[in-house]
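Protein chains in written order, with the numbering used here: chain A, 2 to 304; chain B, 1054 to 1329.
Just so you know, the hints here were simulated from the structure itself, not pulled from any lab data. Heads up, some of the hints might be wrong.
[Unchecked claim] Pairs of lysine-lysine, DSS-like flavour, derived with a Cα cap of 30 Å: (1) Lys1059(B) - Lys7(A); (2) Lys1059(B) - Lys1160(B); (3) Lys210(A) - Lys7(A); (4) Lys122(A) - Lys1059(B); (5) Lys6(A) - Lys1127(B); (6) Lys122(A) - Lys210(A); (7) Lys296(A) - Lys1237(B); (8) Lys58(A) - Lys210(A); (9) Lys1127(B) - Lys1237(B); (10) Lys6(A) - Lys210(A); (11) Lys99(A) - Lys7(A).
[Unchecked claim] Computed footprint of chain B on chain A; a stretch qualifies when at least three of its residues, placed anywhere within it, have a C-beta under 8 Å from a C-beta of chain B: (12) 39-53; (13) 67-76; (14) 97-107; (15) 164-170; (16) 218-229.
Keep in mind that this is a model prediction, so the values were computed, not measured. Heads up, the beta-carbon is just placed ideally off N, CA and C, and yes, glycines get one too.
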Amino acid sequence: MYVLKKILLTVAVLLGAAICSFLLLRLLPGDPAEALAGPQAALEDVATVRRSLDLDKPLSRQFATYMGHLLQGDLGYSYRTHRPVAQEIEARWPATLKLSLTSMLVAILVGVPLGVHAARKRGRLADTVSMVASFVGVSMPSFWLGMLLIVAFSVQLHLFPFSGDQGPLNYVLPSLTLGLGIAANIARMTRASMLDTLGQDYVRTARGKGLSEFRVVHLHALRNAAAPIVTIIGLQLGALLGGQVVTEMLFVWPGLGRMIVDSLNARDYMVVQGGILVLAATFAVLNLLTDLACKALDPRIRL
Amino acid sequence: MGSLRKFFRSPSACVGVAVLLALVLACAFASRLVPYSPFDQNLEQQLLRPSAAHWLGTDQFGRDVLARILVGTKYSLTAGFVSVLLSLAGGLALGIPAGYLGGALDKGLMLACDILLAFPGILMALALSMVLGPGIYTPMITVGISSIPVFARLVRVQFMTLREAPFVEAMRAAGAGGFRIAVKHIMPNAMGPILVQSTLRLGIAIVTAATLSFLGLGAQPPAPEWGTMLNDARTYFMTNAYLAMFPGLAITVSVIAINLVGDALRDHLDPRLRER
């Protein structure tokens, strides 16, 4: 029942996202037909282009056509390349997805252990250092972190390349750029949640019956502290997808974020609409999955 | 007043407020602190490394980086404050009726918020920025508008919980009208958490505004906006890395200061949310 309601809501959200992106784009100054025909084009050429793209039709007709096609799974054609938008997205999607995954991996692998360690050493130097570090991490703009990483590891040390997606080494700097800020958020939440569970009676019982500290912390406490941590990870997905746009611009990454910005600049409406829709859909599905994961981790949560 | 003194007993509140005050004062008196104008070009002194004469070096037009950063404070802090005020106003206008009245209005408004929140915030800000065109007001307006849903939800939750509080019931029994209860009695009680969140959102707003400027959508050169300066610095990555350091450091320091104040405010006004 709950899942059904959530799925219906997701569909409504996506429909709304489609409508919003369509309307917002029509508010943009600049005429796609003129942008496409080029600065030297004659008036009749611009008119031909406009007619061929159906841009001469009234807005309501354009909208009806767009939604009609969309409901059949047709995202339309790019104004610039005349290829189906679905193909354009397919070409860019893997790069964005892979970078999101490696960044999230960095965020979890850095954030969770840091938070657990800080909670265990509460009030000691290790706690203070990691909490100050994550406070700075939360406050730093991710694009600046990216610039610092480029200067340090690309320009000075020549360790990692900083543009494009040619191999595994190309993932290091953009993943750190996107991941570390999120790791800082995760670390703060993990620490708070761990401190909560480490004070519980069953943790004392587990210690009392002679379990090793590792088992107590990682198998008993961490499992019960997991639900808020998963929630914050889910909430950070939005930050991840948003940060992706800037990171892709900075690292010349061939992903969806850069595709959307480039297409916005060229007034290639169809590609922008399709890209935004795919990003919004990803976001919605990931949110749904986090909600379900939280419920699985902590059956007391009623959704 | 006792409450204010208690607030300043927290070290993070003191440090945060002190840093913010220092930034604002340094911005106001920048021309007395640094013997250079942030705008005067000096083509004989281009791209000088940090030295005794130019503490943070000079940029590609020979302008003193320190003077530019000090003056740049006003762009970022104004962008942060204006945008948060804008989203707060929008959030109150939508959240109060939704939370206080409930019903179909609430459902409709929250669905609209869900839809707007389904966009990654920066995309919304990007598209809006392009509608408005580049300029100093663009980041303020776009960041302000795009976080209205966040504030609307926050205000709604406050009003929804307080709507059932005993004192509201008492007011209603005494015959006070709905609007009067909402504004005069619930609002003051709801303001604490809303203020805390506004402070914490201020940091996010400053970073997002700087990000838009970094993408070329905010203040245009020669304005010494921090994000714009970082965008310029990208050209000189290889040779003059220091240009990419200091504006970013300025953003980070001011956001840290604001977050310190926000955390202290949270501990002070809303002890339930205190991080252990």
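Is the straight-line distance between the alpha-carbon of Lys58(A) and that of Lys210(A) 30 Å or less? violated (77 Å)
Holds or violated: Lys6(A) to Lys1127(B), with C-alpha atoms at most 30 Å apart: violated (47 Å)
Next pair to validate is Lys122(A) with Lys210(A); report whether the Cα-Cα distance is within 30 Å. holds (22 Å)
Are there three or more residues in the stretch 164-170 of chain A whose C-beta lies within less than 8 Å of some C-beta in chain B? The restraint on the stretch 164-170 of chain A is violated, since only 0 of its residues have a Cβ under 8 Å from chain B and three are required.
Sort out whether Lys1237(B) lies within 30 Å of Lys296(A), counting only the CA atoms. The hint is violated at about 39 Å.
Would you check chain B against the stretch 97-107 of chain A, counting CB to CB pairs closer than 8 Å, and say if three or more residues qualify? violated (count 0)
Check the hint pairing Lys210(A) with Lys7(A) against an upper bound of 30 Å on the C-alpha distance. This hinted pair is violated, its Cα atoms lying about 43 Å apart.
How does the coverage statement for the stretch 39-53 of chain A fare against chain B, requiring three or more residues with Cβ below 8 Å from a Cβ of that chain? As far as the stretch 39-53 of chain A goes, the hint is violated, because 0 residues have Cβ atoms under 8 Å from chain B.
Taking a Cβ-Cβ distance under 8 Å as contact, does the stretch 218-229 of chain A have three or more residues in contact with chain B? With 0 residues close enough to chain B, the hint is violated.
Measure nothing beyond the straight line between the CA atoms of Lys6(A) and Lys210(A); if it is 30 Å or shorter, mark the hint as holding. violated (45 Å)
Straight-line alpha-carbon gap Lys1059(B) to Lys7(A), limit 30 Å: violated (45 Å)
Under the criterion that the straight-line Cα-Cα distance not exceed 30 Å, is the pair Lys1059(B), Lys1160(B) satisfied? Violated, at about 40 Å.
Comparing the model with each earlier hint shows violations of hints 1, 2, 3, 5, 7, 8, 9, 10, 12, 13, 14, 15 and 16; every other hint is respected.
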